[in-house]
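Chains A and B, in that order, are what the protein sequence lines are.
1 is the number of the first residue of the first sequence in my numbering; add one for each residue after it.
1 is the number of the first residue of the second sequence in my numbering; add one for each residue after it.
Hint data in this document are derived by calculation from the structure and do not stem from the laboratory.
Please note: incorrect hints may appear among the correct ones.
Unchecked claim - Quick partial rundown of chain A residues pointing at chain B, CB under 10 Å, derived from the structure:
| # | residue |
| --- | --- |
| 1 | V90 |
| 2 | T91 |
| 3 | G182 |
| 4 | A231 |
| 5 | R305 |
| 6 | L309 |
| 7 | C338 |
| 8 | T339 |
| 9 | G401 |
| 10 | S410 |
| 11 | V411 |
| 12 | F416 |
| 13 | W419 |
| 14 | F426 |
| 15 | G445 |
| 16 | G450 |
These numbers were taken from a predicted model, which means no experiment stands behind them.
Don't be surprised by glycine CBs; every beta carbon is placed ideally from N, CA and C.
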Amino acid sequence: MPHDVGDVLAELALLAPGAASDGNPQTNVAGLVPAVSVSPTTVSELGQIVGWASRRGLAMAALGGGTKLGIGNPPSRLDLLLDMSAMNSVTEYDSADLVLTAQAGVTIQHLRSMVREDSLVLPLDPQSRDRATIGGVIACADHGPRRRQYGGLRDLVLGLKVVLPDGSLAGFGGRTLKNVAGYDVGRLFVGSLGTMGVIAEATIRLLPVPACEELLLVTVPGLEQGRRLVARILGSVLIPSSLELLSPACVGLLGFDQHLGSSDTESLLLIALEGHPAAVERQVRDISAFCAELDSGTEMVESRRASELGLPVDEAWDTFAGLREKALGNGSCVGLRCTVPLARVWDLAAAAEERSRASSVALSYTMSCGTGYLEAYAAGSPADLRTFAEGVRADAEYREGAMSVLDGWSVLGEEFDAWGGRRTDFGLIRAVKEKFDPQGLMNPGRYLGGL
Amino acid sequence: MLSEGLLDELRGIVGAEDVLWKRADLQTYEYDGYVERSLPDAVVFVESTDEVASVVRLAHRENIPFLPRGCATNLTGATIAVRGGLVIEMARMRRVVEIDLANERMVVESGIYTEEISAILEPLGYYYAPDPSSAKASSIGGNIAENAGGPHCFKYGVTLNHVIGAEVVLPHGEVVWLGGKAVDLPGFDLLGGFIGSEGTFGICTKAVLRILRKAEAIKTLLAIYDSIDDAAKTVTAIVAAGMIPATLEMMDKLAIQAVEDSQALGFPRDAAAVLLIELDGLVDGLEDMAADVLAMCRRNNAREVRAAGSEEERTALWKGRKGAVAAVARLAPNFLLIDGTVPRTKLPDALRKVYEIGDKYDLRIANVAHAGDGNLHPFVLFDSRISADKELAMKAAMEILAACVALGGTITGEHGIGIEKMEAMSILFTENDLRAQQWLKEVFDPVGLCNPGKVLPARVAVGGGAHAA
Chain A
1 MPHDVGDVLA
11 ELALLAPGAA
21 SDGNPQTNVA
31 GLVPAVSVSP
41 TTVSELGQIV
51 GWASRRGLAM
61 AALGGGTKLG
71 IGNPPSRLDL
81 LLDMSAMNSV
91 TEYDSADLVL
101 TAQAGVTIQH
111 LRSMVREDSL
121 VLPLDPQSRD
131 RATIGGVIAC
141 ADHGPRRRQY
151 GGLRDLVLGL
161 KVVLPDGSLA
171 GFGGRTLKNV
181 AGYDVGRLFV
191 GSLGTMGVIA
201 EATIRLLPVP
211 ACEELLLVTV
221 PGLEQGRRLV
231 ARILGSVLIP
241 SSLELLSPAC
251 VGLLGFDQHL
261 GSSDTESLLL
271 IALEGHPAAV
281 ERQVRDISAF
291 CAELDSGTEM
301 VESRRASELG
311 LPVDEAWDTF
321 AGLREKALGN
331 GSCVGLRCTV
341 PLARVWDLAA
351 AAEERSRASS
361 VALSYTMSCG
371 TGYLEAYAAG
381 SPADLRTFAE
391 GVRADAEYRE
401 GAMSVLDGWS
411 VLGEEFDAWG
421 GRRTDFGLIR
431 AVKEKFDPQG
441 LMNPGRYLGG
451 L
Chain B
1 MLSEGLLDEL
11 RGIVGAEDVL
21 WKRADLQTYE
31 YDGYVERSLP
41 DAVVFVESTD
51 EVASVVRLAH
61 RENIPFLPRG
71 CATNLTGATI
81 AVRGGLVIEM
91 ARMRRVVEID
101 LANERMVVES
111 GIYTEEISAI
121 LEPLGYYYAP
131 DPSSAKASSI
141 GGNIAENAGG
151 PHCFKYGVTL
161 NHVIGAEVVL
171 PHGEVVWLGG
181 KAVDLPGFDL
191 LGGFIGSEGT
201 FGICTKAVLR
211 ILRKAEAIKT
221 LLAIYDSIDD
231 AAKTVTAIVA
241 AGMIPATLEM
251 MDKLAIQAVE
261 DSQALGFPRD
271 AAAVLLIELD
281 GLVDGLEDMA
291 ADVLAMCRRN
301 NAREVRAAGS
311 EEERTALWKG
321 RKGAVAAVAR
331 LAPNFLLIDG
341 TVPRTKLPDA
351 LRKVYEIGDK
361 YDLRIANVAH
371 AGDGNLHPFV
381 LFDSRISADK
391 ELAMKAAMEI
401 LAACVALGGT
411 ITGEHGIGIE
421 KMEAMSILFT
431 ENDLRAQQWL
441 KEVFDPVGLC
451 NPGKVLPARV
461 AVGGGAHAA
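Sequences are here, hints too, so could you generate the full structure?
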C-alpha cells in the first residue's frame with residue numbers, strides 16, 4: 001500500500017460514512033489481503049469512492065459473494081476491496097416486460113425467488129447461487145447448465161451501468177430486447193473480471209415459467225455411450241434445455257448415487273426438459289427409446305425421471321449448484337474450466353481421464369454436453385497437478401478451445417498462467433485494458449497476460 | 001481522386017478489372033438504403049482475406065478512408081462513403097468454408113447472402129436463425145455489422161446471439177480472430193463489441209455461425225383487431241401463459257390498407273391492427289397451444305382469426321407481412337423507415353405517440369412492429385420533391401425516437417445509427433457513455449480511417465476522451 005492506512009480510512013469515512021474498515025484476512029484474494037475494505041450502498045457513492053481511489057492511485061477489486069475469488073491469476077496489487085454486498089436492491093422490475101434491473105450485489109437466489117412469484121424465470125443457474133451475485137456472475141461469465149437453451153450472460157444481459165476507473169458512471173444497452181444504438185461496450189464487461197471498471201447495476205432478460213418441467217437422470221456406463229446418446233439427441237428435433245454430465249466421482253459427491261442405486265463407475269447425465277406437457281412427455285419417451293438403442297445388454301443406459309426417484313426437480317438442480325463448492329472443499333485443490341466446440345468435449349474428457357491416471361491425480365468433472373464446457377476438479381501433489389493442468393490445457397487448445405483456472409492457482413505455481421495461450425486478439429485485449437484503465441488499478445494482474 | 005500510381009497498386013492486389021474508378025461506375029456505390037449520397041474514390045472487389053488485408057494496409061499507409069460494403073441494404077447510410085476513399089466490395093467473398101453439424105457450426109465468408117445460408121442448410125435439417133426482412137438481399141457480413149434482427153428475435157435473438165466467431169481485418173491490416181467455434185473463450189468479448197459496430201471497427205471476412213435444428217412443426221395464426229390495445233393485450237396474455245412464440249408481428253391500419261391495395265388478401269380496410277403469431281417446436285402440444293392462443297385472441301376481441309394448417313396457408317398468412325414494405329412504399333414517393341424500440345408493454349403508448357406526431361406534421365405514417373420485442377417500424381411517408389416535406393419527415397422521425405426513449409426504450413432496435421441517427425445519440429447517452437464508446441472505437445481504429453463519420457456524434461468523434469492517445 002503506497003499510502004498510510006489511517007489516512008485512507010479517514011478520507012473514506014468522509015466519502016462513505018461507516019462503510020470502510022480495515023481489510024479482513026478472510027476476504028483475501030489468492031492470499032493477498034486488502035488493506036482497506038469499503039462497502040458502498042449506492043451507485044453514486046461507488047462512483048465517488050472509485051474516483052477518489054483512482055486519484056489516490058489505489059489498486060481496487062470488487063467483491064460480490066466471494067464464490068469465484070480463485071479465478072485467474074492472483075492480483076499483483078490490492079489496496080482497496082469494494083465490497084458490493086450492501087448494493088443489494090432491485091432497482092426496477094417489470095414482470096410484464098420480462099426484464100429486471102438490479103444492483104450488482106443482489107444474489108442470484110434472491111432474484112430467482114423474486115421472479116418465480118410472478119411465474120418468471122431468471123435463466124441463470126450458476127454455482128453457489130445463494131451467495132453468487134448478479135455482478136459477480138456477469139464479471140465471471142458464470143452461466144450454468146441452461147446456457148444451451150437460453151444463452152449465456154452475453155445473451156441475457158440487456159444493459160449495464162458501470163463505474164469507470166476514473167469514477168465516472170457510464171451506461172450501455174438498455175431495457176429492450178433489441179438495441180443497436182451505438183457501440184455495445186457493455187458486452188466487454190461480461191467476463192471481464194472487473195478489469196475495465198466496476199459493474200454497478202445490470203438489466204437482465206427474464207422468461208416465462210414453462211408450462212411443464214421435467215428432469216431425466218440417465219446413468220451412463222462410459223463416455224462412449226454418453227457421446228452416442230447425446231449425439232442422437234442433438235441430431236434429433238428434441239429441445240433439451242440442458243445436458244449436464246457428471247463424472248462418477250461427482251455423482252458420489254452430490255449423493256445422487258443414493259437415489260439411483262448406481263455403481264461408482266457410472267456417469268450421470270442430467271437432461272432438463274421444459275415446455276408444453278405433451279412436448280415434455282414426447283421427449284421423455286424418445287430419450288428412453290434412444291437409451292434402449294444403445295443398450296448392449298451388459299451395460300445399461302437407463303433413463304429415469306427425477307420424480308420416479310423421489311427427487312424434486314428444483315432440489316436436484318439446487319444440489320447440482322453446490323458441486324463446485326463441495327468439490328473444492330473436498331480435497332480437490334484445483335478447479336479448471338474448459339470450453340471447446342461442443343462435440344469435442346467428449347474427447348477432452350477422455351483425454352483428461354487418461355492424464356489424471358498418468359499423473360496420479362484424482363479427477364472429478366462435469367460437462368455441459370450441449371455447449372462444450374468441461375469443469376474439472378483435481379487433487380494431487382503440486383507437481384502432478386501442474387503436469388495435469390498443462391496437459392488438459394494443451395488438449396483444450398488443440399481442439400480450438402481454452403482452459404482457465406477457476407481455483408487453486410497458487411498450487412500450480414508462479415509461472416503457470418491462469419488463462420493459457422494468447423490468441424490473435426490479445427493485442428486488442430491489451431489495448432482495451434490500457435484505454436479503459438490506463439493506470440492499471442482495476443483488479444490488476446488477474447486477467448489474461450497479467451493485465 | 002486517387003493517383004494513378006495508387007490505382008495501379010490496387011490493381012496489383014486485386015487485378016485490373018476489379019478496381020472501379022470512373023465516375024459512371026462509382027455512382028452505383030454512392031448510395032444505400034438511406035436517403036443521402038456520396039461518391040467514393042474507388043471501389044475494389046476483393047476475393048480473399050489476404051486481398052482485403054493488402055488493400056486495407058495500403059489505405060492505412062496512404063491515410064485513405066475505407067469501408068466494407070456487403071449488399072448495402074442498410075437503412076441508415078452505414079455504407080455511404082461520406083469522406084470518399086475506398087469502398088471494399090465483399091460480394092465475391094461468399095464461399096462456405098465449412099459445415100460442422102456435430103458442433104452445430106457453419107463457417108462462411110462474409111459476403112454470402114443471409115438467406116443462402118439457410119437454403120444450404122435446409123436439406124440437412126438445420127438453419128441459421130436470424131432472418132432480417134432483407135435476408136434475400138443482405139449479406140451475413142452486413143448483418144454482423146448491423147447486428148441485424150428480424151421477425152423471430154423474441155424467441156431466437158439477434159445476430160449477436162448466433163455469431164460466435166469472426167475473422168476480422170483490423171483497420172491497420174492485421175488479421176485477427178474474435179471468438180471461434182467454442183463459446184465464451186477467455187478475454188473481453190471483443191466479438192460482442194464488434195457485432196453491431198456498423199463496419200467502423202474493421203472488416204469481417206469470415207464468420208462462425210451457430211446453426212440450429214429446424215423445428216419439427218410450425219403453427220401460424222393471424223388475428224384481426226379493431227384496436228391496437230386489444231392486439232397488444234393478446235401478446236401480453238400469450239407471454240403470461242408461458243409461451244414464447246417464434247413470431248409476434250403487428251401491422252396497423254395504414255399498413256393493412258397498403259397491403260390490401262397491392263395484394264387483396266381480404267383484410268378489412270377498417271381494421272386497426274393485424275397480429276401474426278407463429279409457434280414452433282415439437283409437434284406434440286403445438287395444436288393445443290395454438291388453440292389456447294386462438295382463445296386468447298378471441299377473448300381480447302379479435303374480430304377474425306385465421307389459422308394455417310399447411311405450408312401454403314402459412315405462406316399466405318405471411319404474405320401480407322412480407323409484402324408490407326413494398327406495399328407501403330407505393331403510398332408515397334419516399335419514406336423514412338425508423339425502428340425505435342420500447343419495452344414491450346409500452347408498444348400501444350408508443351404507437352399513440354407516433355400518430356400524434358404524424359398529425360402534428362400532417363404526415364402519413366404506416367406502422368409495422370415486432371410486437372414481441374417492442375420494436376416499432378414507423379414508415380414516415382413524404383415526397384422528396386417538396387424540400388419542406390423531407391425536413392418535416394426528418395423532424396417527425398426524430399420526435400418519434402425521442403418519444404421511444406422517454407418510454408424507456410431506445411432509438412434503434414435493428415437498423416443502427418449510421419449517419420441517420422448520429423445526432424439522436426445524445427438523446428439516449430450521456431457524455432460519459434459516449435466517451436466510453438469512443439474509447440472502444442479508438443481501440444479498434446486508432447487512426448479513424450475505417451468507415452469514418454458514422455455512429456458517434458461529431459463532437460465526440462473529433463474531440464476524443466480523457467484517455468485519448
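Tested hints:
| no. | hint | in the structure |
| --- | --- | --- |
| 1 | V90 | violated (16 Å) |
| 2 | T91 | violated (13 Å) |
| 3 | G182 | holds (5 Å) |
| 4 | A231 | holds (7 Å) |
| 5 | R305 | violated (17 Å) |
| 6 | L309 | violated (24 Å) |
| 7 | C338 | holds (9 Å) |
| 8 | T339 | holds (5 Å) |
| 9 | G401 | holds (4 Å) |
| 10 | S410 | violated (19 Å) |
| 11 | V411 | violated (20 Å) |
| 12 | F416 | violated (14 Å) |
| 13 | W419 | holds (5 Å) |
| 14 | F426 | holds (8 Å) |
| 15 | G445 | violated (15 Å) |
| 16 | G450 | violated (13 Å) |
The earlier numbered hints that this structure contradicts are 1, 2, 5, 6, 10, 11, 12, 15 and 16.
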